[in-house]
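Visitor: Here's the letter readout for the chains.
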Amino acid sequence: MKIIETSRRKFLQGSVSLCVYATSSLANPFITTKTTLKRNVKNIPYLCNMCRNKCAGFARVENSTITKLNPNQYFPKSRNMLCPKGNAGIQAVYDKDRLKYPLIRLGKRGSGNYKRVTWDEANEYIKEKLVKIIDEQKDNRSTIAYCNGEGFNKDEYIKFFGGKIGSANFLDEGSICLNTKLGATQLTIGDIGEMDVAGSDYLIISGANRYESLITPDSVDMLHTKQKLVVLDPRCTMTAIKADEFLPINPGTDLAFCLSMIYIAIKDKLYNVEYVKEKFDDFDKLKEHILLHKYSAKWAESKTHIPAEKIEQVTREFFAASNPLYYLGRRSVWSQNDFQFRRAMVLINALAGSINRKGGIIFGKPIKLNQEEIIEPLYNAAEGRFDLDGIIYGSSNGGSWLNFRDKVISKSAPYPIKAMFIRKHNLMQNMPNIAKTKKMLEMMDLVVVLDTMPSDTAMMADVILPECTYLEREDMVVSFSRLEPSLALRNEVIKPLYESKTMQDILKGLGKKLSVPLFEVSAKYDEDLQDSITELGKVKAFEEGGYDLAELYRNNVSERNKNLITKQFGYKVYSSLKTKGVWHPFIEKQKNLGNNLYEYYPEEKRYYSVDKKYRVKCYIEKLAKNGSDALPTWHDSYDFKVKENSFRMITGRYVTSTQTASTNNVMLRDLEATNHIWINDSVAKKLDIEEGDNIAVSSSIAKVVIKAYPTNKIAPNVVWFAHGFGMHSDELTNAFGNGACDNQIIEDSFEKVYGCATMHHTDVQIRKL
Amino acid sequence: MANYAMAFDYKLCINCHACEVACKEENGIDLGAKNHRLWIQEEGETKGDFWNLEVSEVKFMQMQCQECQDAPCMKACPNDAIYRDANGIVRLYKEKCDLTMACMKACPYDARYIDEKNRVTDKCIFCADTRLARGETTTACQITCPAKLRYFGDLDDENSEINKVLKTRKHFTLKSELGTKPKLFYLE
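Heads up: the sequence lines are chains A and B, in that order. Under our numbering, the first residue of the first sequence is numbered 1, with each subsequent residue one higher. Under our numbering, the first residue of the second sequence is numbered 1, with each subsequent residue one higher.
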């Protein structure tokens, strides 16, 4: 019988994650509300927004106050669970630092000096500024840039500023997130697909930290699937600890590992010959290229630091498995070779035949939702976007942040950007080299921020429009998943607090204020509109041309959902979404698998394989013609090299934080108060660094100070610290003063296929203070 | 009337803290690392140098009141404030507790802490006065767990899931040599 020593004292001292020494204790620990029997109770289905997953839950509301969030057993995607962040969502609603009222700036940008105004005053202020800007720019609507990070309502935000107001310059998180992965999949197999983790019996993960950066259903499925898990990472993460095999690797060299897998598979004919014959284009070119370059295991060992025999073994096991999957990742872009690395992973899956089948990259059958029609005006003077200039593909939707920012601040853009509307996007924290972002925002004549929290970015705004949190609003119905498709609805749990509003209500107010004045500017410059006015008269030209910016908001979201859902799917589906938050065809007969786990779609009804025409493209000529490689290729410049006394800085996340959005959450801060820099323990010893010591970390652009965590879980020439700390806004009273911000020191550089910011190329020096 | 117990498929734990947050929110537990009814304890370390790291010793143990059938805390309390309720859960008469802390010292599992708000010692009671009192059949930590590693149920019900899992899988209790007969089981 095993005896385990337990001690609260030991617990307090033993875990770095608790950081008992790192920060002062909280002023008020009494913030939780015990659930009761005595109050009036409602359980309202909602969708979480603490991260990108959108797990489903039921909110317990007692006397109109949210007292508890519980998981929802009906949603195939989130598998009846809520993570720590999901549970802590209550504290996002009741955060005392929330943006409560519309604010207009009084002092200098960034000074935090604001005055409370009415919604009408805020909208009036925006109107005055915007009309002047659009007039000065002779109706070039693209002088307004607008951005929105990940999340619901982004489409409507684009419809408003892009479709209705007419700007081409939309930016989102894609170019600081996973556009290379999406692009590599799309270009290679013609679809972005979805990975069936639950169906795979052999899973390789390069760097994605699925047990600390939780993704539903992948993270949950990995725990419940009997599969072999191989993890490659330059840091021993929780995912690495839980893996069957952890292969420590040099940062940015995963492509070499992949090339070697392809080499071994082709040389020894381990690949799925029938599948390749049926689906591949230009396999001969791939074969010739890979064999010519001799990407052997021995060669890959010299690049990756993974022993050749291990590479051989994993490759053989992978191709011998029935349903192997090389997980394509879901996180930021690391290095210049990121696109080719993601593409190589897609090709490995394809070589194994793991496309459009169980346990592979599946196409599935997502539920298509009807779109609401609105009329979008045409603006002759509106110019096109410029941030994809010099980028081979790029996303025509979300663009390239770093290229955009460079062009704005160097004034090399074809026209000036004069105004920015920023929603749910923390620009002053989320991309490398924050000093440049600050410079960009300082150049604007108007900066408007829609957010729930006084973030570092909100503090750069001229006007702050307080949006309500996800638990205070109904959002439009969303379709989820390709394998087990479902619909899910975020219901309103409580009414918006303070004077905060839903995005739709904010845009409705803005739209009403801006429609006519902006129409008048167009009428001054746009000859087609002038003709239309002559022909139809002003009123009709306005109406028929779609210049009513608030057109989509004639009905509220609740009415729109009811109309849309009942019309397309019938009342039963609508009713299911209102009462259960979810609908899928098997919701009434979900099978209980025991211990609160369910089977949603019966195995034979899941869309593992669908009838779809597609090809696997080995060779992409456009890449070669534009300075990249038609086939994944290693270049000497990709070799991992760090100068003496320097360290490669890599970044990631804690399980308790979502980028920078949850950093002020009092419950999560209680679990993970600050971030630490991981330094190899032998190196730390040499440098006389002990846990908790203050360390200055310098790159070529800036310096931060952070506490040390010496550990054997990181390589000697690599350091790591988590993203999401080191806030500069002292309005975030829980977050301010805790830890360091990675993007302050990460040098800005982007890869050229999708214009994505690379995050793992900065070398830093460390010094004990 | 039941005899509640819990079993942990402890190797599935990824130390995500969901259980801790769910417990605090459900039961109104104060913030602060020292205030908790449950916690995850990291056992063992990664050994060796980075390129040859041995990680198999690292374990994450679910810690909370072990619901001893022979509970040292109960015996130790000079005020007879601790009792076993009808569902077999060790509970506290709050009005009888005057914070002698004898129970805290007696507990070999360090399961109790001082609830500053109510000025009593507190510990996990399987959500007895919140969820179970409302007729729910799951605890806050169990239902939220992403790994679904917690089995909760009635040992006196032969068909309960916990009984089934204890019948089919090897398990152990903590500090069994002390003879406290915990009702929390760790599945191998």
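Keep in mind that the hints are not guaranteed to be accurate.
[Unchecked claim] Stretch by stretch, here's where chain B covers chain A in the computed footprint (C-beta under 8 Å, at least three residues):
hint: 1; stretch: 232-240
hint: 2; stretch: 455-464
hint: 3; stretch: 725-734
[As the list claims (entries may be wrong)] Listed next, the in silico SDA-like pairs over lysine to any residue satisfying Cα-Cα at most 20 Å (straight line):
hint: 4; chain 1: A; residue 1: LYS310; chain 2: B; residue 2: SER56
hint: 5; chain 1: B; residue 1: LYS11; chain 2: A; residue 2: ASP221
hint: 6; chain 1: B; residue 1: LYS59; chain 2: A; residue 2: LYS42
hint: 7; chain 1: B; residue 1: LYS164; chain 2: A; residue 2: ASN592
hint: 8; chain 1: A; residue 1: LYS228; chain 2: B; residue 2: ARG119
hint: 9; chain 1: A; residue 1: LYS228; chain 2: B; residue 2: VAL55
hint: 10; chain 1: B; residue 1: LYS34; chain 2: A; residue 2: LYS580
hint: 11; chain 1: A; residue 1: LYS226; chain 2: B; residue 2: GLU136
hint: 12; chain 1: A; residue 1: LYS580; chain 2: B; residue 2: GLU136
hint: 13; chain 1: A; residue 1: LYS612; chain 2: A; residue 2: ASP221
hint: 14; chain 1: A; residue 1: LYS42; chain 2: B; residue 2: GLU136
Note that these hints are calculated values from the structure, not bench results. Bear in mind that the values here come from a model prediction, so they are computed numbers and not experimental data. The C-beta atom is built at its ideal place from N, Cα and C for all residues, glycine as well.
Visitor: Compare the structure with each hint and give your call.
Guide: Verification of the supplied hints:
Counting residues of the stretch 232-240 of chain A whose beta carbon lies closer than 8 Å to any beta carbon of chain B gives 3, which meets the minimum of three for the stated coverage. A count of 0 residues in the stretch 455-464 of chain A with a Cβ less than 8 Å from any Cβ of chain B is obtained; the coverage claim is therefore unmet, three being the minimum. Under the rule that three or more residues need a Cβ within less than 8 Å of chain B, the assignment of the stretch 725-734 of chain A is violated, with 0 such residues. A distance of roughly 18 Å separates the Cα atoms of LYS310(A) and SER56(B); the hinted pair therefore holds under the 20 Å criterion.
Only pairs whose Cα atoms come within 20 Å are accepted, and LYS11(B) paired with ASP221(A) is accepted, the gap being roughly 15 Å. With a C-alpha separation of about 39 Å, the suggested pairing of LYS59(B) with LYS42(A) is violated against the 20 Å cut-off. Of the supplied pair hints, the one linking LYS164(B) and ASN592(A) holds, its CA atoms being roughly 15 Å apart against a limit of 20 Å. For the hint linking LYS228(A) to ARG119(B), the alpha-carbon distance of about 50 Å lies beyond 20 Å, and the restraint is violated.
Straight-line distance between C-alpha atoms of LYS228(A) and VAL55(B) comes to about 16 Å, which keeps the hinted pair within the 20 Å bound. The hinted pair formed by LYS34(B) and LYS580(A) fails the criterion: a straight-line CA distance of about 37 Å is larger than 20 Å. A threshold of 20 Å between alpha carbons decides the hint, and for LYS226(A) with GLU136(B) the separation of about 31 Å lies outside it, so the pair is violated. Of the pairs offered as hints, the one joining LYS580(A) and GLU136(B) holds, with about 18 Å between alpha carbons and a cut-off of 20 Å not exceeded.
About 26 Å separates the Cα atoms of LYS612(A) and ASP221(A), which puts this hinted pair outside 20 Å; it is violated. In summary, the hint linking LYS42(A) to GLU136(B) is supported, as the alpha carbons are separated by about 15 Å, within the 20 Å threshold.
The structure is inconsistent with the numbered hints 2, 3, 6, 8, 10, 11 and 13, although it conforms to all the rest.
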